[in-house]
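K.L.:
As given, the protein sequences belong to chains L and X, one line each in that order.
Residue numbers for the first sequence follow this note's numbering, beginning at 1 and rising by one.
Residue numbers for the second sequence follow this note's numbering, beginning at 1 and rising by one.
If you are wondering where the hints come from, they were derived from the structure by calculation, not from laboratory data.
Check the hints yourself; a few may be wrong.
[Unchecked claim] Here are some chain X residues the structure puts well away from chain L; computed CB gaps all over 12 Å:
1) E75
2) P158
3) A204
[Claimed, not checked] Short derived list, chain X residues pointing at chain L, Cβ under 10 Å:
4) K6
5) A10
6) P14
7) L110
8) D221
[Said to hold, decoys possible] The calculated label-pair distances, taken between Cβ atoms and stated as ranges, are:
9) R379(L) with H138(X): 22 to 32 Å
10) R173(X) with L394(L): 48 to 58 Å
11) V352(L) with D70(X): 41 to 51 Å
12) V352(L) with D180(X): 53 to 63 Å
13) G13(X) with N295(L): 29 to 39 Å
We put the beta carbon where it would ideally sit given N, CA and C, even for glycine.
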Amino acid sequence: MNPLVFAARSLRREFRHGELATLAAALVLAVAALTAVGTLASRVEGAILASATELLGGDLGVVARRTPLPESFSSKAAELGLSSSRSVEFSSVVFAGDKSQFSEVRSVDDSYPLRGALLVKDAAGIQRSAPAPASGQAYADRAVLNTLGRSVGDHLQIGGRDLQIMGEIVSAPGGPVFQFAPTVLMNTVDAEASGLLGTGSRASFRILVAGPLDAVGDYASWARANLPASARLITVAEAQANLRNSFERGENFLRLAALLAALLAGIAVALAAQRFARRKTEEVAVLRCLGASRNEIVLGLGFELLLLAVPACILGALLGLGMQEIAFVFARELLGATSGTVPLAPAGSAFVVGLAVLFGFALPPLMRLRDVEPMRVFRRDLQTRLRRFDALYLLPFAVGGLLVLLESGSTQLAGVLAAGLGAVAVATWIVTVIMLKGLRAISRRLPGALRFGLANLNRRRGLTLIQVGALALSLTALDLLAVIGPSLLDRWRADLPPDTPNYFVLNLQSDQRAEFDQRLQALGADNLSLLPLAAGKLVAINGKNVRPSDFEPDSRAGNFVEGEVRVSWSADLPPSNRVIDGRWPGAESKGAEVSVDKSWIDLFHLGLGDTITLRFAEQEITATVTSVREVDWDSFRVNFFMMLDQVHGESLPHSLISSFHLPADKALSDLSRAMPNLSLIDVNSILDRVRDIIGRVSAAVTWVLGFSLAAGILVLLAALAATAEERRFEIALLRTLGANSGQLNAAVLGEFAVLGLLAGLVAAAGAAGTGIALARNVFRMAEYAPPLLQLGLVALASAIIVMLAGLAGTRRIAGTPPMLVLRHGT
Amino acid sequence: MLSAEKLSKAVDGPDGRLLILDEVSLSVERGASLAIVGASGSGKTTLLGLLAGLDRPTSGSVTLAGEPLDRLDEEARARVRRRLVGFVFQSFHLLPALNAEENVMLPLELEGRRDARQRAASVLADVGLGKRLHHYPHQLSGGEQQRVALARAFVHGPQLLFADEPTGNLDQRTGAAVSDLLFALNREHATTLVLVSHDLDLAARCARLLRLRDGRVVEDDA
Ligand SMILES: Nc1ncnc2c1ncn2[C@@H]1O[C@H](COP(=O)(O)OP(=O)(O)O)[C@@H](O)[C@H]1O
Ligand SMILES: [Mg+2]
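Please put together the full structure from these sequences, using the hints given.
P.N.:
Printed below as a string of structure tokens:
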């Protein structure tokens with residue numbers, strides 16, 4: 001026998017039988033979901049990078065303090081074919097007539113910006129992207145213009161140079177999101193001519209480069225080797241820290257949806273394959289009788305699967321590519337910065353995963369056909385001997401586990417999902433075994449038809465366990481897609497409520513507080529928070545001096561040691577902070593205490609009881625670590641890595657830092673005029689950007705969740721139809737014995753209601769637990785409560801759906817004359 | 001051609017061990033025909049399965065065309081069947097996914113023969129189904145299905161034919177036609193025939209008769 005020819009022929013015929021169609025459909029859905037999500041995720045990843053380079057203003061930056069970077073940093077860039085741009089940041093007093101304002105100034109060359117766009121408003125208030133300021137020109141932000149009483153078109157003076165104001169700055173690329181945005185932008189030619197950049201100035205000098213990825217990489221390694229003492233590299237990763245969180249959450253959502261779709265498909269494949277194998281048993285017995293060897297049979301089945309799988313996977317990949325294109329429409333603007341080419345690698349890996357799912361889930365039942373005894377041609381009821389333990393049955397779990405690990409992209413997501421689904425499987429098994437025992441005990445007291453239905457559950461104990469397990473797992477996946485996913489998305493959107501602080505104020509002095517409060521109140525500002533701020537240096541840990549040279553150059557820890565450390569204090573734990581170890585220093589602390597952010601604890605390998613020595617001007621404080629905090633850095637509030645106890649904090653020279661929410665129609669010009677020493681930071685644009693990302697990514701996610709859900713329901717219905725089909729024989733028998741349709745329905749309804757309710761409840765509990773774990777460990781959302789009522793309703797609904805699907809499947813069978821069924825057997 | 005030595009078969013049932021075949025011995029010459037008769041449940045099918053090497057006896061041995069079946073493993077027994085044996089079953093056992101011609105081609109394909117299609121078509125013509133080559137089993141009547149099964153049983157020229165109640169699922173007239181065809185083909189191919197039936201008329205057409213009762217040979221007119 002040529003197994004390939006035989007396989008092709010069998011495939012053609014059996015496709016029409018249904019099992020193979022179910023198998024193919026499940027596979028198409030799985031590959032489609034994985035392709036769509038993988039492609040989308042990789043395009044989103046590209047967008048993250050692009051948006052980060054926009055924020056940074058280039059692909060890589062080098063910053064030096066006080067002394068300009070050597071000329072070689074420019075020539076090396078040119079040599080590598082990179083474009084480069086130099087800029088300088090410094091503080092200076094800006095004059096206009098009799099008014100003046102202390103400002104953060106950035107001077108740039110003509111190639112600024114390399115990435116992203118400089119947005120300004122012209123005299124008419126119309127927003128446009130603008131070129132770098134030419135010599136004799138400047139851009140200034142609203143606060144500066146207000147204080148100086150000037151508008152676009154007027155002039156201002158910096159370092160004795162007269163500059164015409166060409167526009168009001170809306171956003172200027174060139175630094176990490178929360179670094180102080182420049183308030184005046186001018187040309188470096190003017191800055192140098194003014195003498196503001198001479199030795200002794202506190203300026204920081206920056207060069208940004210942009211170009212092909214490998215050239216940027218070469219430049220980075222060259223720069224690292226030739227870095228002057230005061231200089232450091234700024235990478236895209238640093239610049240994107242804030243947006244990255246949003247994107248990562250979105251990506252995790254996408255992956256979750258795809259994984260669940262793939263697992264659902266796996267379950268469907270397993271059920272369809274089992275049904276297929278059952279139907280195939282007799283054929284195999286006949287073939288064995290006619291002298292086909294085991295290997296020929298296995299080879300034939302393998303080829304048949306392969307012939308089925310390859311086109312199904314191709315179709316799925318194409319479908320997935322089409323779908324991600326639709327989802328992409330939602331996020332087009334957001335991802336507009338990426339090139340239009342669609343990455344094909346995710347489709348390729350989805351194809352491979354599809355094959356793995358098929359063989360992983362379908363092989364075990366099909367391999368059992370090896371063991372079909374030829375005697376079966378005479379005795380239909382001859383059970384294929386079941387080996388007690390078949391290692392093959394570990395295959396679906398291995399493939400499922402591998403799938404979760406590879407596709408989740410994060411070990412947390414993989415761990416939570418694997419643990420959740422594993423727990424559901426175990427719980428289902430236990431609950432079902434108990435239920436079967438219970439049913440046996442009470443079955444004598446049940447009415448006849450119902451007793452028959454429920455007795456069936458006990459008679460096919462193994463099958464019942466498999467079915468309830470598969471049902472519970474798929475319902476868990478559905479619950480996660482339909483209830484948990486959307487509620488997590490809601491929770492995410494609520495992360496940035498309308499009253500999220502959109503302004504930060506620095507440099508506020510204690511004696512200005514009353515006036516500040518009153519003015520803000522008058523403006524209708526809310527969500528006001530005020531914290532003291534003292535800037536110092538980290539000198540020692542546990543009495544041992546720390547120097548920047550103790551750490552890797554450019555490492556986060558090294559930068560912290562080298563730069564300023566800002567600390568604060570407060571009687572109460574500030575919002576969006578959580579003490580995870582130790583206790584918050586109360587007002588009554590005796591020795592100096594400090595509460596440290598978790599990431600710092602890890603960074604400096606600290607523990608409770610360690611001491612940290614900080615120097616503030618002439619004063620030194622050695623504080624004991626008494627608590628570890630977890631801080632929600634995405635909360636748009638003022639947060640600190642270190643918080644001292646109040647008593648010791650108050651003794652330090654300090655200013656106040658404030659954040660608040662100002663309604664969109666209110667301006668702070670009066671405030672900045674009345675209190676010119678304040679530094680105002682407007683984060684409306686970054687807030688808008690993050691909100692925009694959340695909105696678009698969650699729209700794309702909702703689409704994928706919905707698709708996976710639809711796929712899951714289809715798969716579930718197919719599986720249930722198969723389950724109903726298995727009852728053909730019994731129903732025909734009952735029919736023959738004269739059971740009316742009412743009695744038939746009672747038998748089937750009872751059986752399926754028990755199956756559905758059991759699976760639904762276990763699934764709801766499993767989904768709730770998995771949801772909590774997902775919120776905490778994957779999406780890092782505090783205080784997430786799964787919607788239990790909704791889950792309960794879904795459990796009830798799934799019991800009803802299972803019941804109706806069972807009934808529908810049986811209806812069809814009950815319509816056929818019983819003799820036909822009895823004659824043709826299963 | 002075929003001989004059995006003290007064949008016994010016991011199975012483990014819910015009420016303990018059950019002996020369904022008890023030391024049956026027989027031998028059949030090349031070209032001869034043997035009918036196994038007996039009441040339902042007397043062990044006929046069990047014996048046939050053992051003779052054809054579809055199952056292993058609890059004790060005893062079978063030699064088929066010189067091959068000691070009990071000393072071969074399942075794969076080797078399959079090869080013997082492929083080469084030497086044809087089957088006809090009570091419930092036809094045509095593969096529902098294959099049409100008449102493809103069903104008949106099966107044994108030839110298993111042997112890897114290239115002329116499978118022509119041979120199948122010609123044998124189907126012999127059994128009077130030359131115009132139904134591309135019909136599927138469900139499009140054929142019971143009698144027609146059994147004729148396809150006969151074609152399949154003879155198509156590769158087996159030396160031995162096992163038939164288990166070949167007319168059991170057919171009405172009397174159709175059954176008679178099918179058994180006429182069976183014996184005609186048997187004569188034509190000079191095949192050794194082992195036939196199981198509780199129909200004594202059909203059994204009487206065989207040269208020799210073996211009667212089973214409760215798993216034991218109670219009559220053997222050899
Ligand atoms: N695998 C088995 N398990 C239990 N009982 C069996 C098995 N195979 C056959 N039997 C029993 O052995 C007896 C003989 O069966 P069989 O050979 O099919 O009889 P016949 O073909 O003569 O009707 C019957 O009582 C049948 O129930
Ligand atoms: Mg029988």
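K.L.:
Give a verdict on every hint.
P.N.:
Against the structure, the hints:
For E75(X), the condition that its CB be more than 12 Å from all CB atoms of chain L is violated, with the nearest at approximately 5 Å. P158(X), annotated as away from the interface, has a beta carbon of chain L within 12 Å; the closest lies near 10 Å. No Cβ of chain L comes within 12 Å of the Cβ of A204(X); the nearest lies about 24 Å off, and the non-interface call holds. Residue-level restraint check for K6(X) is violated (minimum Cβ-Cβ distance to chain L is 20 Å; threshold 10 Å).
Interface hint at A10(X): violated, since its Cβ lies 15 Å from the closest Cβ of chain L, which is beyond the 10 Å cut-off. Annotation: P14(X) was flagged as interfacial toward chain L, and the flag is violated, the nearest CB pair being 14 Å apart, outside 10 Å. Of the supplied interface hints, the one on L110(X) holds, with its beta-carbon coming within about 4 Å of a beta-carbon of chain L, less than 10 Å. The beta carbon of D221(X) comes no nearer than 25 Å to any beta carbon in chain L, farther than 10 Å, and the hint placing it at the interface is violated.
With their beta carbons about 23 Å apart, R379(L) and H138(X) fall inside the hinted range of 22 to 32 Å. Look at R173(X) against L394(L): about 56 Å separates their beta carbons, and that is inside 48 to 58 Å. In this structure the hint that V352(L) and D70(X) lie 41 to 51 Å apart at CB holds, the actual value being about 47 Å. Checking the proposed 53 to 63 Å range against V352(L) and D180(X) shows it holds: the Cβ atoms sit about 58 Å from each other.
Roughly 33 Å separates the CB atoms of G13(X) and N295(L), a value that falls within the hinted 29 to 39 Å.
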